[in-house]
Amino acid sequence: MSDEPSVEIFGVEHVKASRTPVYLGMILFLISEAFLFGSLFATYYYLRAETKVWPPAGVHLDTWLASINTFILLVSSGTIWWAGRAIRKGKESSLGIGLGLTIFLGVTFLGITLYEWTHVTFRPWTNAYGSTFYTLTGFHALHVFAGVILMVSMLTRTLRHRFSSSNFLPIEVSSLYWHYVDFIWILVFTTIFIIT
Amino acid sequence: MNKILKIFSLGVIRGLLAGLAGAGAGIGITMLVRHAIGLPAWNPGPVTTIGIFTGVITYLVVLGAFNYWFRWAIGAEPKEAEPPKRSWTRYFNLDTNHKIIGVQYLVTALTFLPFAVALQLVGRLDLSKLVSPLNATTYESIISDHGLLMLFIVVLPAFSGLMNYLIPLLIGARDMAFPRLNALSYWLIPPAGLLTAFSLLVGGFDTGWTLYPPLSASFEYIGMNFILIGIFLSGLSSILGAINFLTTIFKMRAPGMGPFRMPVFVWSTLATTALTLTFTQFIGMSFLMVLFQRVLGMGFFNPQMGGQVLLYQYLFWFYSHPAVYVFVLLGLGIISDTIPVFARKPLFGYKAVAISSIGIAAGGTIVFAHHMFAAGIPAFLKIPFMVTTLLVAVPTGVKVFAWVATMWLGKLRITTAFLFVLSAIVTFLIGGLTGVPLGIVPVDLYLHDTYFVVGHFHATLFGGFLLPLMAAIYFWFPKVSGRMLSEKMGKMQWLLMTVGTTLLILPMLGLGIEGMRRRVFDYSLTLGFRPLHIATAVGGFLIFAGLVILAYNMITSARRGAPAGPNPWNSMILAWQVSSPPPEENFAEIPRVVGNPFGYGVEGSVHAIMSTETKEEIKNE
Amino acid sequence: MKKHLFIVLIFAFALAIGLSYIFLRIDLIPRPSSLERQSIDHLLKILFAIASVIFALVISVFVYSLIFFRRRPGDDKDAPPIKGYGSLEMAWTVIPLIIVIGLGAYGGVVLNDMTRPGPPQSELEIDVTASRFAWQFNYPTYGNITSFELELPINQRVALYMQSKDVVHSFWVQEFGPKQDVVPGMTTQLRFTPTEIGHYTVQCSQLCGYGHTYMTAPVNVVSLADFQTWVQAQQAAPSPTPTATPSTGPTQPSVTINLMAMNISFDLSIIMVPAGASVTINFNNMDNIPHNFAVYTDSSAQTPIFRGQIVTGPAKVTYNFTAPAKPGTYFFRCDVHPTIMTGKFVVQ
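Chains as they are written, first to last, in the numbering used here: chain A, 258 to 453; chain B, 42 to 662; chain C, 334 to 681.
No lab work stands behind these hints, which were simulated from the structure alone. The reader is advised that the hints may include incorrect statements.
[Claimed, not checked] The calculated DSS-like cross-link candidates involving lysine-lysine, where the alpha carbons are at most 30 Å apart (straight line), are:
1. B/170 to A/273
2. A/273 to A/348
3. C/416 to C/335
4. B/452 to C/677
5. A/348 to B/532
6. B/170 to C/677
7. B/292 to C/416
8. C/498 to C/649
9. C/335 to C/410
10. B/292 to B/120
11. C/410 to C/336
12. C/336 to C/416
13. B/392 to C/649
14. B/292 to A/273
15. B/47 to B/126
16. B/170 to B/126
17. C/649 to B/532
18. C/649 to C/677
19. C/659 to C/677
20. C/416 to B/452
21. C/498 to B/392
22. A/346 to A/273
23. C/410 to B/529
24. B/392 to B/292
25. B/452 to C/659
26. C/335 to B/392
27. B/529 to B/452
28. B/170 to B/44
29. C/649 to B/452
30. A/309 to C/649
31. A/346 to B/292
32. B/120 to B/47
33. B/392 to B/126
34. B/392 to C/336
[Stated by the list, open to error] From chain C, some residues computed to sit far from chain B (all C-beta separations above 10 Å):
35. 388
36. 521
37. 563
Even for Gly, the Cβ is constructed at its ideal location relative to N, Cα and C.
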């Protein structure tokens, strides 16, 4: 692993993340999670195809709120991207700020999700639509939650000076995860709130 | 007294005890919370489910599976890793060396194997009408647990064990890419196995291993919840393992080991783990959905709530069909790698065999609805799935033909390992050929849910898993332990198991054609099924006897077997170029690969250069 | 090498021809009793013949190698380094490909013939309801008569429309060929044409719980005339009357027997009555699935002496009939579970 090809970024030698085993491991993990969400999307679309009225009568979704959530996640992808650029230039404090913002946005997303869950008129045990809605948004929220924990860990390590312009591979790996979770949300949002 | 206390220093004991405590705590807290919010405190389903979750997490934490990652996450200084001491206690603790983990997986699988077989032997006695008929639920629980234990607690972990032990040694690496993840993957298996087996003690379940709702979602069998979580853990272990194997193979092959210089076992691992990485999520999710329906009242599969019964079957089989290729691809890889060593001849058509592994895996992803021809799927799906199912026969055939072509004109050495390979070939051939009638829809509409299916999959599983596993054990035991297994006992075991396999499978195929349904525990004597059932029972007992001999052989040879030396089989594969057992880091120097490992018959063909100083080569002399 | 090849190919061809001949001649699946069985049986023969050819080829090379290509003692050299042979590998990839595509096409044609709905009015429509653990049959075109037995006229294509009340079941009569799952939330269909008069059994073929093994129902294929008679009898009396035999005379002995059905068994395995007696059976069905009591001349159940009404428990019903005049050992059973619930009916 000492002869990993390296690249120069902003004047500093750095091992190209995409060539490292850890990065490949994250990619493989995300491929696996694609199948997890795939099974949930398959469930949603199959039930929708086999049901005359979908969503069932009486279901009102707050598409506005969900759109705000979409915007929040997109901004958070921006903040983590900005944080990644900062540490490439060695700006540790900017990394910390970027991470903090990302965490704040992630927690806000979760809060809004909880609000949506408590304010829709149906529950997971009301009907199959409810089961699918809560499972799909629930598993996504779980992934956001895990992402927040991951970012909190990154922030902790930043505060203890574990990252520098030549050592920030975990930030790259975590960013990949975060962007992925954002991307999955776009699919969830489109499926549940746009395609009716 | 001191010796007794020493037991508690073993990670597994601490972990299991902590797990029980955690489960108890989880149950207690759940009951308190339920009482506080006005529900009845005790409801077996939800309360035990939460207890199982808290138990498993506590167990993993106390085992130390998360220690390093936790310290890393909070930014603490990494602890100095102590050099491991060679001691048997390593096997009972969290250890990151792939060779230790490989043995842990194998021993766990081989421990559950006789239990799972014994369960089914009871079922066979019932069907032979040699004992009074079992209670219906008991019978259904036995056969269902037999299936789940065998597939998820024996086959998957046994193959994980082989892959773990062998892959770094075959590709010239020092360990797996993610050793700590590797350890976690293993330690998920003991609770998975215990939960699955334990379900029998809490009332069992009556759905077959396929757990179709509404039956699986409706009735109050706590055993069902145990199974759903137990198998979920095994699936999780599979997925984490797949991440490891794929990264290791892509990133850590010795320099010069291009794709067509890898042993076929490595190709098989690639194909298998590509499937387990991805498709396992579907069975995980389908089981979770059943669990949610049972415990939380969700309605995925409940038509009265707008759900669809067939949804489960589509999700379940989307994994479970590729899974059967997971169950056999590695065994087929073992056969492909072993014949050349004992025929002293290159593998015939190596490139085609390597690619056929990928072909079988890829083809296996588009055939799944052939389990549902009678299920009520739309007519337009049946013919395409029939065609794809039949097409998978082609790469499978390529392998079988290549094997016998390798034997042709060889110089065959009849060792126990080779004998098992031979039995595997014939058994798998029967398995493959009986798959064709099942793939043709009108014939399947007769044969579905009969013993013909049971015979078919036992033939493919014996031919693709159990017999190759026996071959692998006889082949690799010298490398793992440094000693040879007794060939005499091995040949006795081989005879018992081959005769047993034949007596088990052929009558099942006959019973199916005659119209005996599967998953029933009684039938009329006038139908003439009894002699065939007695034959399968005898076969089962012979197989079990073979396993007993294997256990005895392994235990005695580990102490008193003949010393093996580094390369008793005179194989060209990298693993046989280091000592038996291998050093902690496998290779003193990473080898440089310059040819493929099948260069038998060519004077001076080289697979790899082991050391740049001594220029020691793996040559064919 | 040429000598080896010649010998092994001769042996392989002989074995292939022998095995495939056997499979093409013998009738593998017992009791064919429908048009669909003819197609299925024929296809299966072809499949086994092809399989035996492939098996013969592989096994011949396999066995030959084991006999003639063993390492001779003292020979530590390697074997010839044959890495492959392009045209052979091509052949054994392409030929199986052609075979499986051909089989797929043939199978598709057979499937189409078997399942394609016929023109309206050409099929006898029967609605089937499956539940844990019984089958119920409804004849919508015959005034909605309901029965626990499936009565069918010979040579008439049947179209079953099936629904389940609870879990997944599966309708299968082994002698008729294909099966079809019965799925809650859907109506599934199955078509077949019985071609032999006789008694058959529906067996549930999807594990549905503890009663799955015994979830059966009788099927009677009769002539068209007998079918019409049955239909009229069903329509006239909602509780169909048992087949009555005329009573013999004032000195006729009479006997009353209490018979219970529980957990899919009778509590009596032998019933004894005087010859020609007027028999009263107080039948108590304690299961919540259908049972009945029926007497036949022998265990083949071809000639009925008495067939009682099928009742779903818990229920009590009284059966009356006259025992045969000729002493001997006859046979009684439950028609719904004909292979499990049986006994001896002894006339003295």
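Taking the hints in turn, this is what the structure says about them:
Annotation: proposed proximity of residue 170 of chain B to residue 273 of chain A is violated, straight-line Cα distance about 67 Å (limit 30 Å). At most 30 Å may separate the alpha-carbon atoms for a hinted pair to count; residue 273 of chain A and residue 348 of chain A meet this at roughly 19 Å. At most 30 Å may separate the alpha-carbon atoms for a hinted pair to count; residue 416 of chain C and residue 335 of chain C meet this at roughly 18 Å. Using a Cα cut-off of 30 Å, the hinted pair residue 452 of chain B and residue 677 of chain C is violated, with the two alpha carbons roughly 66 Å apart.
Proposed proximity of residue 348 of chain A and residue 532 of chain B is contradicted: the alpha carbons are some 68 Å apart, above 30 Å. Under the criterion of a C-alpha separation no larger than 30 Å, the hint pairing residue 170 of chain B with residue 677 of chain C is consistent with the structure, at around 21 Å. A hinted pair counts as satisfied when its Cα atoms are at most 30 Å apart, and residue 292 of chain B with residue 416 of chain C qualifies at roughly 29 Å. About 24 Å separates the Cα atoms of residue 498 of chain C and residue 649 of chain C, which keeps this hinted pair within 30 Å; it holds.
For the proposed pair residue 335 of chain C and residue 410 of chain C, the alpha carbon gap of about 22 Å is at most 30 Å, so the pair holds. Restraint check for residue 292 of chain B and residue 120 of chain B: the C-alpha separation of about 26 Å stays at or below 30 Å, so the hint holds. A threshold of 30 Å between alpha carbons decides the hint, and for residue 410 of chain C with residue 336 of chain C the separation of about 22 Å falls inside it, so the pair holds. For a cut-off of 30 Å, the pair hint linking residue 336 of chain C to residue 416 of chain C stands: about 21 Å separates their Cα positions.
Restraint check for residue 392 of chain B and residue 649 of chain C: not satisfied, since their Cα atoms lie roughly 73 Å apart, outside the 30 Å limit. Of the pairs offered as hints, the one joining residue 292 of chain B and residue 273 of chain A holds, with about 14 Å between alpha carbons and a cut-off of 30 Å not exceeded. Taking the CA atoms of residue 47 of chain B and residue 126 of chain B, the gap is near 17 Å; set against the 30 Å cutoff, the hint holds. Taken as a hint, the residue 170 of chain B and residue 126 of chain B pair is broken in the structure, with Cα atoms around 54 Å apart against an allowance of 30 Å.
Restraint check for residue 649 of chain C and residue 532 of chain B: not satisfied, since their Cα atoms lie roughly 63 Å apart, outside the 30 Å limit. With a C-alpha separation of about 22 Å, the suggested pair residue 649 of chain C and residue 677 of chain C falls inside the 30 Å cut-off, and the hint holds. With a C-alpha separation of about 15 Å, the suggested pairing of residue 659 of chain C with residue 677 of chain C holds against the 30 Å cut-off. Taken as a hint, the residue 416 of chain C and residue 452 of chain B pair is honoured in the structure, with Cα atoms around 15 Å apart against an allowance of 30 Å.
Under the criterion of a C-alpha separation no larger than 30 Å, the hint pairing residue 498 of chain C with residue 392 of chain B is inconsistent with the structure, at around 54 Å. Simply put, residue 346 of chain A and residue 273 of chain A have alpha-carbon atoms about 15 Å apart, close enough for the 30 Å limit, and the pair holds. Between residue 410 of chain C and residue 529 of chain B the alpha-carbon distance is near 25 Å, which keeps this suggested pair within the 30 Å criterion. Under the criterion of a C-alpha separation no larger than 30 Å, the hint pairing residue 392 of chain B with residue 292 of chain B is consistent with the structure, at around 21 Å.
For the proposed pair residue 452 of chain B and residue 659 of chain C, the alpha carbon gap of about 76 Å is over 30 Å, so the pair is violated. For the hint pairing residue 335 of chain C with residue 392 of chain B, the CA-to-CA distance comes to about 26 Å; that is within 30 Å, so the pair holds. Taking the CA atoms of residue 529 of chain B and residue 452 of chain B, the gap is near 21 Å; set against the 30 Å cutoff, the hint holds. Of the pairs offered as hints, the one joining residue 170 of chain B and residue 44 of chain B is violated, with about 48 Å between alpha carbons and a cut-off of 30 Å exceeded.
Restraint check for residue 649 of chain C and residue 452 of chain B: the C-alpha separation of about 77 Å exceeds 30 Å, so the hint is violated. With a CA separation close to 45 Å, the supplied pair residue 309 of chain A and residue 649 of chain C exceeds the 30 Å bound. With a CA separation close to 28 Å, the supplied pair residue 346 of chain A and residue 292 of chain B stays within the 30 Å bound. Between residue 120 of chain B and residue 47 of chain B, the direct Cα distance comes to roughly 25 Å. Compliance with the 30 Å bound is thereby established for this hinted pair.
Pair hint residue 392 of chain B plus residue 126 of chain B does not hold up; C-alpha atoms about 42 Å apart against a cutoff of 30 Å. For the suggested pair residue 392 of chain B and residue 336 of chain C, the alpha carbons sit about 28 Å apart, so the restraint of at most 30 Å is met. Annotated as non-interface, residue 388 of chain C brings its C-beta within 10 Å of a C-beta of chain B; the closest such distance is 6 Å. Not every C-beta of chain B lies more than 10 Å from that of residue 521 of chain C, the closest at about 4 Å, which undercuts listing it as non-interface.
Separation of residue 563 of chain C from chain B is adequate, the least Cβ-Cβ distance of about 26 Å exceeding the 10 Å criterion.
The structure fails hints 1, 4, 5, 13, 16, 17, 21, 25, 28, 29, 30, 33, 35 and 36 (numbered hints given earlier, in ascending order).
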